[in-house]
Amino acid sequence: DAGVTQSPTHLIKTRGQQVTLRCSPKSGHDTVSWYQQALGQGPQFIFQYYEEEERQRGNFPDRFSGHQFPNYSSELNVNALWLGDSALYLCASSPEGQGVKEPNEQFFGPGTRLTVL
Amino acid sequence: RKEVEQDPGPFNVPEGATVAFNCTYSNSASQSFFWYRQDCRKEPKLLMSVYSSGNEDGRFTAQLNRASQYISLLIRDSKLSDSATYLCVVNTYNTDKLIFGTGTRLQVFP
Numbered sequence: 001d002a003g004v005t006q007s008p009t010h011l012i013k014t015r016g017q018q019v020t021l022r023c024s025p026k027s028g029h030d031t032v033s034w035y036q037q038a039l040g041q042g043p044q045f046i047f048q049y050y051e052e053e054e055r056q057r058g059n060f061p062d063r064f065s066g067h068q069f070p071n072y073s074s075e076l077n078v079n080a081l082w083l084g085d086s087a088l089y090l091c092a093s094s095p096e097g098q099g100v101k102e103p104n105e106q107f108f109g110p111g112t113r114l115t116v117l
Numbered sequence: 118r119k120e121v122e123q124d125p126g127p128f129n130v131p132e133g134a135t136v137a138f139n140c141t142y143s144n145s146a147s148q149s150f151f152w153y154r155q156d157c158r159k160e161p162k163l164l165m166s167v168y169s170s171g172n173e174d175g176r177f178t179a180q181l182n183r184a185s186q187y188i189s190l191l192i193r194d195s196k197l198s199d200s201a202t203y204l205c206v207v208n209t210y211n212t213d214k215l216i217f218g219t220g221t222r223l224q225v226f227p
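Line order of the protein sequences matches chains U and R. By the working numbering, the letter at position 1 of the first sequence is numbered 1, and the numbering carries on one by one without gaps. By the working numbering, the letter at position 105 of the second sequence is numbered 222, and the numbering carries on one by one without gaps.
For the record, the hints were derived by calculation from the structure and aren't laboratory data. Values in this document were obtained by computation on a predicted structure and should not be read as measured data. Just so it is clear, CB atoms sit at the ideal spot from N, CA and C, and this is done for glycine as well. Keep in mind that the hints are not guaranteed to be accurate.
Stretches of chain U that chain R covers, calculated by requiring three or more beta carbons in the stretch to come under 8 Å of a beta carbon on chain R [stated by the list, open to error]:
(1) 29-42
(2) 51-63
Within a straight-line C-alpha distance of at most 25 Å, the following computed DMTMM-like cross-link-like pairs (lysine to aspartate or glutamate) qualify [as the list claims (entries may be wrong)]:
(3) R:Lys-214 with R:Asp-156
(4) U:Lys-13 with U:Asp-62
(5) R:Lys-214 with U:Glu-105
(6) U:Lys-13 with U:Glu-51
(7) R:Lys-214 with U:Glu-75
(8) R:Lys-162 with R:Glu-122
(9) R:Lys-214 with U:Glu-53
(10) R:Lys-162 with U:Glu-105
(11) R:Lys-159 with U:Glu-75
(12) R:Lys-214 with U:Asp-62
Just chain R, with the same shape it has in the complex (with noise of 0.2 Å):
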């Protein structure tokens, strides 16, 4: 089983559209979540930091439900810009390293 795990979609929806992609990780000791920005051949980009008491900035949502192991981002109207890869990543606490998924490719459409 990965250690973190995504729906590959892609997920093809409308300007305007609100979307949401979800994520699950496996390492109960996982202490610190992020969503990843990842544009075609290009580098991924820090979205934002997760938090437990759930958190928002501008367009995007970010939840975390440590119970359910689980970690959700919420799109609320999509641009066209916002077409790219979105990777869900967790690690560790006392540990640099960034466990990632697969990602969920996003496209919107005019």
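Chain U with its partners taken away, still in its complex shape (with noise of 0.2 Å):
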């Protein structure tokens, strides 16, 4: 059962270009959230997806964006680089379920390490 899978691995790009992350989920799973890790601190939210929705956004600004496809992988597309979104990017996947349910574990995938010269 394969888990959730990221790519690329690693990117460099320079300041004003744009970058697209891709994610595919757990088998099973239909929500995907995207995560941003900067060193030495925690992941921070950034949205999460849901039948092809945006459903949850964090503090992010618009440069920020996504896509679900209808076989429940997800891009995340960030526009105008700044040398301050070198990060590692994180996807997460989990089962529909939230609301006024017990939330679901999320899965993380590897992530996308972004490094913007």
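Hints given; two lone chains; assemble the complex.
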């Protein structure tokens, strides 16, 4: 059973460029969340996708956008990259069941390490 | 003030030692609590959920004090393989947003 996969594993960009990161959720999961983890910090929630729509969003600017496809995979797009966007970008998947239910465990992928020069 | 606060450490302990990590959270509406473990340059993995009654999983014991908004993790008989960063995580009912602390780094030495 494949876990959460992400691509690419590493990426180097320059300021002002745009980047697209990809995530395939764990089999049977339909909800995908994205997190940014800067060096020495805990992951910070960017947004979550369910049924191809953004369901929740953290405190990130509009430069950060995403998409979910019918097969539940997801993309994170970042426009106009800043040096401060350098981080590990983590994708996490979970089965749907939020709202009034006990939250499900989120399974994290290995991440994409983005370096902005 | 950060929503979840942890002592960043590092905690350097010998094998066999008992070590305790503490965490406080600011949002009284937080309903679910977890400890995640993250190895160097790897993804976080769920170590254990934390319940009001306290819970134990082998050498690991987690406690929650809702009145004080305080969470703890106790590791007994530390192993070299316990060396990692331990992340305190909370979320609020009706939301999937996990809020992480900065993590506490543990280094167990022989």
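For each hint, the structure was consulted:
no., hint, in the structure
1, 29-42, "holds (count 6)"
2, 51-63, "holds (count 3)"
3, R:Lys-214 with R:Asp-156, "holds, 22 Å"
4, U:Lys-13 with U:Asp-62, "holds, 19 Å"
5, R:Lys-214 with U:Glu-105, "holds, 11 Å"
6, U:Lys-13 with U:Glu-51, "violated, 31 Å"
7, R:Lys-214 with U:Glu-75, "holds, 18 Å"
8, R:Lys-162 with R:Glu-122, "holds, 19 Å"
9, R:Lys-214 with U:Glu-53, "holds, 15 Å"
10, R:Lys-162 with U:Glu-105, "holds, 10 Å"
11, R:Lys-159 with U:Glu-75, "holds, 20 Å"
12, R:Lys-214 with U:Asp-62, "holds, 18 Å"
Comparing the model with each earlier hint shows a violation of hint 6 alone; every other hint is respected.
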